[in-house]
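*Asks:* Sequence:
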Amino acid sequence: MDFETKLDRLAEVAVKTGLGLRPGQELVMTAPLDSLPLARLITRHAYKAGASLVTTFYGDDQATLARFELGAAESFDTAPAWLFEGMAKAYGAGAARLAISGEDPALLAGQDADKVSRANRARSKAYQPALQHIVDFHINWSIVSFASAAWARMVFPDATESDAVMKLWDAIFAASRVDQADPVAAWAAHNARLHDRKTFLNEKRFSALRFRGPGTDLTVGLADDHEWAGGSEKARNGITCNPNIPTEEVFTTPHARRVDGFVRSTKPLSYQGTLIEDIAVRFEGGRIVEARARTGEAVLQKVLETDAGASRLGEVALVPHSSPISQSGILFYNTLYDENAACHIALGQAYNKCIIDFENKSEEQLVEAGANRSLIHIDWMIGSGEIDIDGVSASGETEAVMRAGEWAI
Numbered sequence: 000m001d002f003e004t005k006l007d008r009l010a011e012v013a014v015k016t017g018l019g020l021r022p023g024q025e026l027v028m029t030a031p032l033d034s035l036p037l038a039r040l041i042t043r044h045a046y047k048a049g050a051s052l053v054t055t056f057y058g059d060d061q062a063t064l065a066r067f068e069l070g071a072a073e074s075f076d077t078a079p080a081w082l083f084e085g086m087a088k089a090y091g092a093g094a095a096r097l098a099i100s101g102e103d104p105a106l107l108a109g110q111d112a113d114k115v116s117r118a119n120r121a122r123s124k125a126y127q128p129a130l131q132h133i134v135d136f137h138i139n140w141s142i143v144s145f146a147s148a149a150w151a152r153m154v155f156p157d158a159t160e161s162d163a164v165m166k167l168w169d170a171i172f173a174a175s176r177v178d179q180a181d182p183v184a185a186w187a188a189h190n191a192r193l194h195d196r197k198t199f200l201n202e203k204r205f206s207a208l209r210f211r212g213p214g215t216d217l218t219v220g221l222a223d224d225h226e227w228a229g230g231s232e233k234a235r236n237g238i239t240c241n242p243n244i245p246t247e248e249v250f251t252t253p254h255a256r257r258v259d260g261f262v263r264s265t266k267p268l269s270y271q272g273t274l275i276e277d278i279a280v281r282f283e284g285g286r287i288v289e290a291r292a293r294t295g296e297a298v299l300q301k302v303l304e305t306d307a308g309a310s311r312l313g314e315v316a317l318v319p320h321s322s323p324i325s326q327s328g329i330l331f332y333n334t335l336y337d338e339n340a341a342c343h344i345a346l347g348q349a350y351n352k353c354i355i356d357f358e359n360k361s362e363e364q365l366v367e368a369g370a371n372r373s374l375i376h377i378d379w380m381i382g383s384g385e386i387d388i389d390g391v392s393a394s395g396e397t398e399a400v401m402r403a404g405e406w407a408i
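In numbering that gives the first Met the number 0, the protein residues as written are 0 to 408.
These aren't lab readings, by the way, just hints derived from the structure by calculation. Note that the Cβ used here is the ideal one computed from N, Cα and C, for glycine as well. Among the hints, a few may not be true.
What the hints assert, rightly or not - No farther apart than 20 Å at their CA atoms in a straight line, the calculated lysine to aspartate or glutamate pairs in the EDC-like style are these:
id, residue 1, residue 2
1, Lys-124, Glu-304
2, Lys-233, Glu-398
3, Lys-301, Asp-76
4, Lys-203, Glu-398
5, Lys-197, Asp-135
6, Lys-166, Glu-3
To be verified - What follows is a list of derived Cβ distance ranges for each label pair:
id, residue 1, residue 2, range
7, Gly-93, Glu-304, 34 to 44 Å
8, Ala-307, Gly-214, 43 to 53 Å
9, Glu-289, Thr-198, 15 to 25 Å
10, Arg-39, His-137, 41 to 51 Å
My request is simple: use the sequences and hints to build the entire structure.
*Replies:* Structure representation (structure tokens):
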């Protein structure tokens, strides 16, 4: 199968499996400039599926870098609220949302941490009207990736640029299942396996999970009336979508005030162009009270200061160490991929949809149940082949969930 065929299949999977796009539905897409070939193919498949209109907003890494190098100091508290308000209006009117990732993971390495923090905070705040439609699953949405040269060079630093790009594409195609005979059918089978895992966990009704391994002894309380999710999900507009292409996780909402112990990251976190490595934190009563990192610590500290919820958890996810992405042995420096190689937690905003009957609960009831509130939602990886996980019942009894990074259930 040649490259063009695989790229076209990725575009088809994005529309049919990722979005489940319906005839007559609008599509709002964001994409880096480098991803133009994929964005155009997705646009064609969207119109084949009956899209009424596809609108794409392109980002440019070099323009972003120019801002941090040359922008006035006072400008970093500014974000295009008008743009995100327009997106929110589109989602409110029924548009689907697709993001193509592929930006340079180290774009802002070496830039002023305060500027990065202020810009991220301003963007997160401005983005809230649009983000709410996504995190509450009002709409069908998805994310796919494009192998940009800058990203590929970081993943495969010893290869020539052209070889690095092709190696990254091969990894993306494999993880996205587009190299299989029938990618759409392969995704249906994979979703069925993930649904079996989440059904088991929902039936168990654990009150907490305990993670143990090198540098880690962490108890993550689960939100009251929590619900596990994973694989394809039905959005509130009735359309079934796969939010992440690829995905290997089942996840739920932790209790924001019931996390205790210490944990270290098992993979680097690439956050807004800054690489944060060897994160180690300690929780008390749900809040991070100590945090350090070998690289990017200044940015990590700024992230934790974003707001009151930034130092608390909004997600916990389980991924076996034997997942295809983990077994590839590739460190992607991209959260969409690296989170699907390992169990992970997320700082910040919780997913309301992971609380049973959330549509009929007030904001106060959701927070009381344990849902965290923050401008951020940042996943980072804590799983490996050395991590054991136990489910803890309300009465304190424990049951093996994972051993040495693999499902024990």
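*Asks:* With reference to the structure, classify each hint as holding or not holding.
*Replies:* Against the structure, the hints:
A hinted pair counts as satisfied when its Cα atoms are at most 20 Å apart, and Lys-124 with Glu-304 qualifies at roughly 14 Å. At roughly 30 Å between alpha-carbon atoms, Lys-233 and Glu-398 are farther apart than 20 Å, so this suggested pair is violated. As the CA atoms of Lys-301 and Asp-76 are separated by approximately 14 Å, the hinted pair is consistent with the 20 Å bound. Simply put, Lys-203 and Glu-398 have alpha-carbon atoms about 10 Å apart, close enough for the 20 Å limit, and the pair holds.
Between Lys-197 and Asp-135 the CA atoms are separated by roughly 19 Å; this keeps the pair inside 20 Å, and the hint holds. For the hint pairing Lys-166 with Glu-3, the CA-to-CA distance comes to about 15 Å; that is within 20 Å, so the pair holds. Between Gly-93 and Glu-304 the C-beta distance comes to about 37 Å, which sits within the given range of 34 to 44 Å. Restraint check, Ala-307 to Gly-214: a C-beta distance of roughly 27 Å breaks the suggested window 43 to 53 Å.
The hint said 15 to 25 Å for the Cβ distance between Glu-289 and Thr-198, and at roughly 37 Å that hint is violated. About 28 Å separates the C-beta atoms of Arg-39 and His-137, a value inconsistent with the hinted range of 41 to 51 Å.
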